[in-house]
Amino acid sequence: MLAVMARRMAAALPTLAGVVVVTFLLARALPGDPAAYFAGPAATREAVEQIRAALGLDRPLHEQFLLYLRDLARGDLGVSITTGQPVLHDILARLPASAELTLLGLLFAATVGITLGVLAALKPNGWLDNACRVVATLGVCLPAFFTGLLLIYVFYYLLGWAPAPLGRLDAFSSPPPYVTGFFLVDSLLAGDAETFVSAAQQIALPAIALGIFAVAPIARITRGSMLAVMGSDFIRAARAHGLSRRKVVVAYALRNALLPVVTTLGMVFSFLLGANVLVEKVFAWPGIGSYAVEALLVSDYAPVQGFVMTMGFLYVLLNLAIDLLYRVIDPRVEVAA
Amino acid sequence: MTDAAALAPAATARAAPPRVPVLDVAGLSVQFRTRSGTVHALDEVSLQVHRGECLGVVGESGSGKSVTAYAVMRLLDPAARITAGRITFGGMDILAASEREMADLRGRELSMIFQNPRAALNPIRQVGMQIADVLVRHGGVTRAEAPARAAALLAEVGIPDPVRRAKAYPFELSGGMCQRVGIALALACRPALLIADEPTTGLDVTTQAVIMDLVLGLARARGMATVLITHDLGLASEYCDRTAVMHAGHVVEAAPAADLFAAPRHPYTAKLIAATPQPGRALSDLAAIPGGLPDLRRGDLPACRFLDRCERAEPGCAVPPLPRHLSEDGRMVACRHPL
Ligand SMILES: Nc1ncnc2c1ncn2[C@@H]1O[C@H](COP(=O)(O)OP(=O)(O)O)[C@@H](O)[C@H]1O
Ligand SMILES: [Mg+2]
Numbered sequence: 001m002l003a004v005m006a007r008r009m010a011a012a013l014p015t016l017a018g019v020v021v022v023t024f025l026l027a028r029a030l031p032g033d034p035a036a037y038f039a040g041p042a043a044t045r046e047a048v049e050q051i052r053a054a055l056g057l058d059r060p061l062h063e064q065f066l067l068y069l070r071d072l073a074r075g076d077l078g079v080s081i082t083t084g085q086p087v088l089h090d091i092l093a094r095l096p097a098s099a100e101l102t103l104l105g106l107l108f109a110a111t112v113g114i115t116l117g118v119l120a121a122l123k124p125n126g127w128l129d130n131a132c133r134v135v136a137t138l139g140v141c142l143p144a145f146f147t148g149l150l151l152i153y154v155f156y157y158l159l160g161w162a163p164a165p166l167g168r169l170d171a172f173s174s175p176p177p178y179v180t181g182f183f184l185v186d187s188l189l190a191g192d193a194e195t196f197v198s199a200a201q202q203i204a205l206p207a208i209a210l211g212i213f214a215v216a217p218i219a220r221i222t223r224g225s226m227l228a229v230m231g232s233d234f235i236r237a238a239r240a241h242g243l244s245r246r247k248v249v250v251a252y253a254l255r256n257a258l259l260p261v262v263t264t265l266g267m268v269f270s271f272l273l274g275a276n277v278l279v280e281k282v283f284a285w286p287g288i289g290s291y292a293v294e295a296l297l298v299s300d301y302a303p304v305q306g307f308v309m310t311m312g313f314l315y316v317l318l319n320l321a322i323d324l325l326y327r328v329i330d331p332r333v334e335v336a337a
Numbered sequence: 338m339t340d341a342a343a344l345a346p347a348a349t350a351r352a353a354p355p356r357v358p359v360l361d362v363a364g365l366s367v368q369f370r371t372r373s374g375t376v377h378a379l380d381e382v383s384l385q386v387h388r389g390e391c392l393g394v395v396g397e398s399g400s401g402k403s404v405t406a407y408a409v410m411r412l413l414d415p416a417a418r419i420t421a422g423r424i425t426f427g428g429m430d431i432l433a434a435s436e437r438e439m440a441d442l443r444g445r446e447l448s449m450i451f452q453n454p455r456a457a458l459n460p461i462r463q464v465g466m467q468i469a470d471v472l473v474r475h476g477g478v479t480r481a482e483a484p485a486r487a488a489a490l491l492a493e494v495g496i497p498d499p500v501r502r503a504k505a506y507p508f509e510l511s512g513g514m515c516q517r518v519g520i521a522l523a524l525a526c527r528p529a530l531l532i533a534d535e536p537t538t539g540l541d542v543t544t545q546a547v548i549m550d551l552v553l554g555l556a557r558a559r560g561m562a563t564v565l566i567t568h569d570l571g572l573a574s575e576y577c578d579r580t581a582v583m584h585a586g587h588v589v590e591a592a593p594a595a596d597l598f599a600a601p602r603h604p605y606t607a608k609l610i611a612a613t614p615q616p617g618r619a620l621s622d623l624a625a626i627p628g629g630l631p632d633l634r635r636g637d638l639p640a641c642r643f644l645d646r647c648e649r650a651e652p653g654c655a656v657p658p659l660p661r662h663l664s665e666d667g668r669m670v671a672c673r674h675p676l
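Protein sequences appear in the order of chains A and B. Position one of the first sequence corresponds to residue 1 (my numbering), numbered consecutively onward. Position one of the second sequence corresponds to residue 338 (my numbering), numbered consecutively onward.
The set of hints was computed from the structure by calculation and includes no laboratory data. Heads up, none of these hints are tricks.
Okay, the calculated bits of chain B under chain A, using three or more residues with CB under 8 angstroms as the criterion:
1) 440-447
2) 455-463
3) 468-482
Here are the computed distance ranges between Cβ atoms for each label pair:
4) B:T543 to A:R255: 31 to 41 angstroms
5) A:G126 to B:G364: 27 to 37 angstroms
6) B:E397 to A:L128: 39 to 49 angstroms
Beyond 10 angstroms from chain A on every Cβ pair, some chain B residues (computed):
7) V357
8) P358
9) R372
10) G428
11) A624
12) P631
13) G636
14) L663
For glycine and all other residues, C-beta sits at the position ideal for the given N, C-alpha and C.
Could you put the whole structure together from the sequences, leaning on the hints where they help?
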């Protein structure tokens with residue numbers, strides 16, 4: 001297993017190198033002049049040029065790239081002009097908020113999607129199957145930030161069930177002691193039920209907004225895969241041996257049907273990472289997505305660079321995790337690899 | 338099946354009429370509703386199997402052998418409709434049984450071995466676990482005792498090093514080994530009836546003989562009734578007491594295996610025998626059977642579905658009903674002009 005992991009990590013290196021190059025070029029290709037922004041509106045030409053030199057922006061591109069690599073190797077992602085803090089510090093401080101939201105969104109999408117997919121497959125063309133198809137289509141049509149606004153309008157403005165969409169906790173709670181950075185987990189670890197409830201109320205709507213459009217692809221893949229497995233020889237055989245329906249559906253069919261679903265989860269997660277940016281903005285969620293958007297609007301490119309790089313790393317890590325999960329479910333992979 | 342009958346030696350049991358068959362399929366008709374029309378897959382199929390007896394069901398591919406087996410197991414596709422007939426197993430009306438009663442019966446009293454042994458096993462579950470699942474379900478075995486019992490069953494079907502093999506996944510075993518696992522699964526709870534659906538198709542010739550000897554040896558030792566489905570008439574005549582020949586959803590002839598082989602009465606049986614390799618005859622003498630099965634989706638299927646391939650056919654053969662002659666010597670032939 002360790003050897004497999006090492007091999008997978010090695011295979012991910014070119015991807016990471018690509019991420020490094022792309023982030024570098026991306027930041028240079030963005031419109032706007034960071035030196036001018038940094039110098040402020042009243043600065044003179046000379047002042048701007050001075051700052052440009054200080055930032056290394058007057059050098060040729062390849063020199064800038066080498067400087068950039070050197071800084072990266074030191075763990076230096078630059079300084080945010082807006083916050084005045086090192087980007088790495090900002091990102092590490094905000095990453096748990098984004099990770100908690102995205103993982104919860106994924107969990108929501110996977111739970112609902114797999115359940116709907118299985119139920120639809122057990123009674124193909126039943127009412128649930130048809131209802132599923134409608135929900136799936138709607139979920140795909142509506143962008144996540146729009147779903148977010150809609151959810152806020154209905155559950156906060158009309159019904160008053162949800163709290164104001166203003167971050168991770170209501171105004172009366174303070175963050176639990178830092179362990180994982182996930183408020184839901186940390187508040188439980190601290191035994192602080194009140195904070196947990198507050199955190200859960202705050203995260204429910206954005207997580208649903210984020211997850212809802214991933215429900216459709218997951219349900220679709222689960223349904224198709226489940227239908228194919230239920231029609232296969234070994235399911236007929238399992239029934240011929242008298243195994244209970246529950247055993248046949250869950251232990252035999254579903255576990256096999258999940259294999260393609262697990263593969264899809266990687267793709268779905270990358271969608272979620274993308275959608276995250278706007279959902280965070282809509283819900284004033286203090287994650288790395290909203291951090292990047294704010295920086296982007298003022299041509300503060302170091303945070304944007306850091307954000308893209310973090311996403312790249314997360315994506316690679318997640319695919320690694322999915323690969324391992326797949327191996328746990330399917331004994332045949334070891335041989336094929 | 339009374340206790341007395343169960344205790345009596347096979348010979349006396351066979352001599353004492355009238356015996357109640359373990360499995361009695363009577364006039365079974367099955368159709369499939371498909372997008373391209375209704376498939377008349379079975380038409381008034383009747384079969385009986387007695388305790389300790391092996392019935393061979395022979396016919397070329399598509400003649401309805403598997404459909405018959407699935408109907409008995411009540412594992413037909415949702416598209417299937419049973420339009421006529423009765424299936425009685427050990428005095429129980431299979432077609433009227435609840436899904437729960439069937440699940441209790443399957444694997445315990447009524448078992449099946451499948452044609453493609455590897456595909457019939459769960460690809461991502463250890464074979465020992467799969468056997469354990471069946472034992473826990475029916476055998477009154479706890480999860481803790483199950484692995485040892487599963488290994489013992491694997492040893493019984495001749496798998497060397499059973500404790501280690503129990504931890505293997507199907508992809509790690511050969512086709513022959515997978516079929517042995519299939520046999521262990523089917524026989525785990527000592528069923529009264531075993532249906533073996535082409536258990537050796539796709540295995541190499543030596544393995545075929547070994548598997549056949551294993552299945553029928555175990556069946557005989559336990560006094561089970563066995564239905565051996567095969568497209569190989571030679572195999573059926575070698576291993577079975579009685580043989581039923583199927584063609585396009587009809588049982589065209591049924592007789593004691595030796596009689597059927599020595600003196601076929603249905604023209605199709607005769608052609609099948611001519612197409613079967615036999616000791617003392619050159620392979621070049623093998624005659625192919627002309628034509629193919631009729632399209633079972635036709636609405637105007639003739640009474641005799643062999644008619645287009647038959648040299649003895651005359652216009653009257655198409656007119657229903659299909660005659661089914663029963664003779665004194667326990668033979669049946671469904672033909673207007675038998676040999
Ligand atoms: N699920 C199904 N849907 C439609 N037709 C089927 C289905 N299963 C079997 N049939 C038809 O029933 C007939 C008998 O099939 P089968 O019993 O599998 O033959 P075999 O004797 O080779 O086992 C064939 O014509 C086949 O096309
Ligand atoms: Mg078949």
